[in-house]
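S.K.: So the sequences go chain by chain: A and B. Quick note, my numbering runs 41 ahead of the 1-based positions in the first sequence. Quick note, my numbering runs 8 ahead of the 1-based positions in the second sequence.
Just so you know, these hints were derived from the structure itself, not from any lab. Heads up, the beta-carbon is just placed ideally off N, CA and C, and yes, glycines get one too. Hints are supplied without guarantee of correctness; some may be wrong.
Below, computed lysine-lysine pairings styled on BS3-like, alpha-carbon distance capped at 27 Å [said to hold, decoys possible]: (1) A:408 with B:120; (2) A:151 with A:312; (3) B:122 with A:408; (4) B:87 with A:408.
Covered by chain A, per the in silico footprint, the following chain B stretches (three or more residues, Cβ under 8 Å) [what the hints assert, rightly or not]: (5) 49-62; (6) 79-87; (7) 94-102; (8) 108-116.
Sample of chain B residues at the chain A side, in silico, Cβ under 10 Å [what the hints assert, rightly or not]: (9) 90; (10) 91; (11) 105; (12) 123; (13) 124; (14) 162; (15) 163; (16) 166; (17) 189; (18) 191.
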Amino acid sequence: MFFTYLRRELRRRRKAALVVASGLALGIALVIVVSSVSSGMEKAQGKVLQSLYGLGTDMTVTKAAQAQSSTGERPRFQFDARGSDSDEEQSSDRVMVQGFQTLATSTVSKVGDQKGVSDVVGGLSLQVVKVSGQFRQGQFQQDQQSGGGGNQQGGQPGAQQSPEGRVEGGGADFDVNNYSVYGTDVTKPALGPLTSSKITSGRTFKSSETNAKVVVADKSYAKEKKLVLGDTVTIKSVKYKVIGIATPDSGDAAANLYIPLKQAQTLSDSKNKVTTIYVKASDSQQISAVKSTIQKNISGTTVTTSADLADTVSGSLSTASDLASNVGKWLSIAVLVAAFLVAGLLTSSAVSRRVREFGTLKALGWKSGRVTRQVVGEAVVNGLVGGALGIALGLGGAYVVTAISPTLQAEVGSTGGALGGGGPGGGGGGMGGPARQTASKALDVALTAPVALSTIALAVGLAVTGGLIAGAFGGWRASRLRPADALRRVE
Amino acid sequence: MYELRGVTKRYKRGKESVDALDGVDLTIGDGDRLVIQGPTGGGKSTLLQMLGGLDRPTAGSVELDGTDLARLSESKLTKVRSENIGFVFQSFNLIPTLTAQENVETALVPLKLKVRERRERAAAALDSVGLAERLGHLPAELSGGQQQRVAIARALVKQPKVLLADEPTGNLDESMRDEIMDVLETMWKEHGLTFIMVTHDSAIAKKAPRVATIRKGKITVKENANS
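One chain only, chain A, in its complex shape:
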């Protein structure tokens, strides 16, 4: 009798049932879409962070930032002026440690010994500035009025008035090539920024190549410089053979070129130094605790987790993420509350219209509880129908977002000690004093909206809750009905 009565009643009040179900469906669909978009945002942010950190890194350790010295060294480039008709090209490389100060390699082991650390690797980020071109001296032209004089060696281009004549011609025609190099620990290929790229041509480093003159080039940089496997790249007069081309999984690569750590240390006169230590925690739930342990036991370091870095993410990804988590969340809650309220009121109203019916059943001997269960049952079924509709709508919405896959931009600003990996061609970052921070890095990420099983379970839970709330409204009303109302006459 229960299910027969329930089924017939819902069929009779199809329209009202649909209104209740639709309201619940809207709220539930919104919850699914907002949850899945938020999840997509987290994934996108994870990709952004991954592109900087590499796969598997939970935190980085860098030297704590110190005040800049006013007498900090700046690179100087000195060239000799060649003859005015000389075509000789001159070049000079300056290899500088990028971003932050360096840590001793021994710190890597110290960090590795800390409780909760599963794996650790050090890396050295460098910025190379190469100036190359032609520098020709000008020619001294005797002023006829003053007489005498001959060619003078001088380097200043353009006319220069003097009592005896002026320098004409000469000049400088030079190119500035600015690129990043990352010294990677080839014995631990599973950690560090290179893990966020895939070797799409050639091979990666062998663990025996700790001091080999080999280089893996980022795909974009290789394309720009027309580098192929077997080519040679010269850094500070040292020739490196291109053994592999790496393509980043998402966003930009951590560096233009990757070489063995020892080579990077030699090039930059940073023997036994690293700029960043990449740490993997044993338990992803204990990252904060590991961070505290490292900071406590190893002084003079700054530990940055991906959560810390996530706070510096700005751009449309960050804006959209804030929108989803704040506006989206509260909007979903508001719509759900409204839907629950409407469902409750409509159910209560339906019970009011069935006073005679329920009064008759009570007069026939139906207990209040049985009548209430009938009302609650109808409301729960309404809720489940709403839930099914909502899940379908929500999945549809999430599918549309994933299909469109809008591109969002993430700008990762510098923090006190973050970003062990630099960006390619870092626009002047890394030049100057040792404590200058890296420029912020912009990455494009495609947004998806993955729907987790937990989200579907949440939706079903909300549907049942909505039904129960509506049923509670109606059931309370039904339980208060007096059987005597069945005898009320229609005059």
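The hints should help you fit chain B onto chain A, whose structure is shown.
M.R.: Just chain B now, kept in the frame of chain A:
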């Protein structure tokens, strides 16, 4: 069967109060047939509610086979109604979404019978009122007289001791009225139950052996020598 002593029902409306029943004393024996008459607002429905355990008196007692319905808990009262009292209403009060058979079954649901037994008894009850071919029809598909016969079948399917009818012919035309009264009288005789009916219809009242008249909450009972 029924023993009512000093039954009073008072309704309060703000500062004023109205006595729908005022010190009613009434005895109804087993197998009696009683018609209750009176002007509108006189207390007829209120008296029927007391007899059916649908409401409690403000004062007095309503004993059914020695059990004071006014003192019973709600759940016990519900049980008494489910087993012993059948109701027939003026507006039939059938569940519109259930078939004739299912409507009759609703009276058997509280008895927790097996589904098959419940269905069989419902079918038999409908057969006894001449509706064996209408088991699967919804109320909207039945005439007024047929609907009232379904209601009578529903009232009697549990073999109650008492049948309470509130203006059972009130919504029917004259020919159907006679038809329904014939069914009710037949059932009364066949089942040997106590039959109490409220009606405005004098023609029906004349045929009843006892007539109770309620005016302003007070009752007078007359034996009808011509019934």
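S.K.: Compare the structure with each hint and give your call.
M.R.: We went through each hint and held it up to the structure:
1. A:408 with B:120: Measuring from Cα to Cα gives roughly 12 Å; hence the hint holds.
2. A:151 with A:312: With Cα atoms ~18 Å apart, residue 151 of chain A and residue 312 of chain A stay inside 27 Å; holds.
3. B:122 with A:408: holds (18 Å)
4. B:87 with A:408: The given pair, whose Cα atoms are some 8 Å apart, holds under the 27 Å limit.
5. 49-62: holds (count 5)
6. 79-87: Coverage by chain A holds here, the residue count being 4 at a Cβ distance below 8 Å.
7. 94-102: With 5 residues close enough to chain A, the hint holds.
8. 108-116: holds (count 4)
9. 90: holds (2 Å)
10. 91: holds (7 Å)
11. 105: Holds, because the Cβ-Cβ distance from residue 105 of chain B to chain A comes to roughly 4 Å (cut-off 10 Å).
12. 123: OK, holds: residue 123 of chain B within 10 Å of chain A, min 8 Å.
13. 124: Violated: closest Cβ of chain A sits about 13 Å from residue 124 of chain B, beyond 10 Å.
14. 162: Since chain A brings a Cβ to about 7 Å from residue 162 of chain B, closer than 10 Å, the hint holds.
15. 163: Holds: closest Cβ of chain A sits about 9 Å from residue 163 of chain B, inside 10 Å.
16. 166: Given a least distance of 8 Å, the restraint on residue 166 of chain B holds.
17. 189: violated (19 Å)
18. 191: violated (19 Å)
This entry does not satisfy hints 13, 17, 18, going by the numbered hints stated previously.
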